[in-house]
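Peer 1: Construct the complete structure from the given sequences, taking the supplied hints into account.
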Amino acid sequence: MKITIAGESKEVADNLTIQELIVEEKVESPLYVTVAVNEEFIERAAFDSHRLKDGDAVEFLYFMGGGR
Amino acid sequence: MAFTNEQLERYSRHIILKEIGAKGQKKLLNGKVLIIGAGGLGSPVALYLAAAGVGTIGIADADVVDLSNLQRQVIHTTADLGRKKVESAAETMRAINPDVTVNPYYQFINSSNIMELIKDYDFIIDGTDNFAAKFLINDACVMAKKPLSHAGIVRFAGQLTTVIPGVSPCYRCIFKNPPPKDAIPTCKEAGVIGAMAGVIGTLQALEAIKFLTGAGELLSGSLLTFDGLEMAFHKIKLPPRGAGCAVCSDNPTITKLIDYDQPVCELKKKD
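Protein chains in written order, with the numbering used here: chain D, 1236 to 1303; chain P, 4 to 274.
Keep in mind that the hints are not guaranteed to be accurate.
Derived coverage of chain P by chain D (criterion: at least 3 residues anywhere in the stretch with Cβ under 8 Å from a Cβ of chain D; other residues may be distant) [unchecked claim]:
hint: 1; stretch: 43-51
hint: 2; stretch: 177-185
Counterexamples of contact, computed for chain P against chain D with all Cβ distances above 12 Å [unchecked claim]:
hint: 3; residue: N33
hint: 4; residue: G56
hint: 5; residue: I261
With a straight-line cut-off of 27 Å between C-alpha atoms, the simulated DSS-like cross-links for lysine-lysine are [stated by the list, open to error]:
hint: 6; chain 1: P; residue 1: K148; chain 2: D; residue 2: K1261
hint: 7; chain 1: P; residue 1: K122; chain 2: P; residue 2: K35
hint: 8; chain 1: P; residue 1: K122; chain 2: P; residue 2: K26
hint: 9; chain 1: P; residue 1: K238; chain 2: D; residue 2: K1288
hint: 10; chain 1: P; residue 1: K240; chain 2: D; residue 2: K1288
hint: 11; chain 1: D; residue 1: K1237; chain 2: P; residue 2: K238
hint: 12; chain 1: P; residue 1: K148; chain 2: P; residue 2: K179
hint: 13; chain 1: P; residue 1: K259; chain 2: D; residue 2: K1261
hint: 14; chain 1: P; residue 1: K29; chain 2: P; residue 2: K179
hint: 15; chain 1: D; residue 1: K1288; chain 2: P; residue 2: K179
hint: 16; chain 1: P; residue 1: K148; chain 2: P; residue 2: K259
hint: 17; chain 1: P; residue 1: K240; chain 2: D; residue 2: K1261
hint: 18; chain 1: D; residue 1: K1261; chain 2: P; residue 2: K29
hint: 19; chain 1: P; residue 1: K29; chain 2: P; residue 2: K148
hint: 20; chain 1: D; residue 1: K1261; chain 2: P; residue 2: K191
hint: 21; chain 1: D; residue 1: K1245; chain 2: P; residue 2: K238
These are computed hints drawn from the structure, not numbers from a lab.
Yeah, the Cβ is synthetic: ideal placement off N, Cα and C, and Gly gets one too.
Peer 2: This is the structure we're talking about:
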C-alpha cells in the first residue's frame, strides 16, 4: 500500500503498525516521537495496535530542545 | 503619534508595504515583545525586532557571553566576552534603533517569576535551550493567554510554531511532557549550525511582526520544520486544540506552573 510520510509518498507493507513503521523508518528517539496520522495524534499506547491504511498521511514530530 | 522625518525614512521600506503601511508601523512602535533567551534564537529575533521598530523589547537571560556562544549568537561580539548577555544584547539593540525601549532582565525564568515577566508584553518569544524552560513558557503563556512563538533547533534542523492560547494548539498538545533528562541530545551535545539559529530565529521575528501588525497568516495550528541539509521546509498541520491537552484544554489538569529542573528539589532540601 501507499502512504505519505512527511508529505512524501512511500510504498510500505499492508497493515503495517505505527510501531513497525517507526522501526522501518529508523525514527530518531523512537520513545519520544509524536505521531500524527491524517492530522490526528495517535496515543503512544496505540502504536503497536494502530494499523495504517492505504493513503494514510503520517507525520513524525520530534522534540527539539536547542535554541540558546 | 506622528512620525518624525527620521522615522519616515528609517521605516520607509515597511511603510511602503501594503500589509504594513504607516498603520502597521505605528502598531510595531506601540508593540511589546518579550524574548526569553539572549542566545542563538534570541539574537536574530532581537536584532530584527529592534531594527523593525518594535517599541518595547524585553530580553531575559541570566548567562554571560562565552567564547563558544559567538559561533551563532550574533548579537554579541568578541569584545562582549564575560558580559551579561542581556546587557550586551540591549546595547546592540539600542545602537541599531534609538526608538526602541529595551528592558533587560538578568534572570532565568522559573515558576515564580515568569508570570510577572510576561504580563506586560503582547507577544512572547521562546529562545531557550532546554525542555524545562520550553514547557514552563508554554504553560505560563497558555495560563496568561499570551501569544507565543515556540522554536527549537539542533544540528542542521529547526522547527517552530505559533501558539494563540485558547485558539490554536499549544506545545503541550504536541508533546505531552518533557523527555527525561539526557534522552534527547542538546545543541551542546549534538552541535548546531550557527546559521540554523539565524533561519529559525528570523522566522520567529517575522511571526512577532505579523502578530503585531496583523499581516498575513500566523503559523498557528501548524509546526513548520526546516531541514538545512536537504534545504526543505515542511509544514505539519496540527490537530485542533486538543480536548485532551493537560494545560490548554477547557478542563486542564495542569493549573499550576511546574519547574521541571532539579533546582526546585535542591531548594526544597535546604528548607
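Peer 1: Among all the numbered hints in the text so far, which are the ones the structure does not match?
Peer 2: Failing hints, ascending: 6, 13, 14 and 18.
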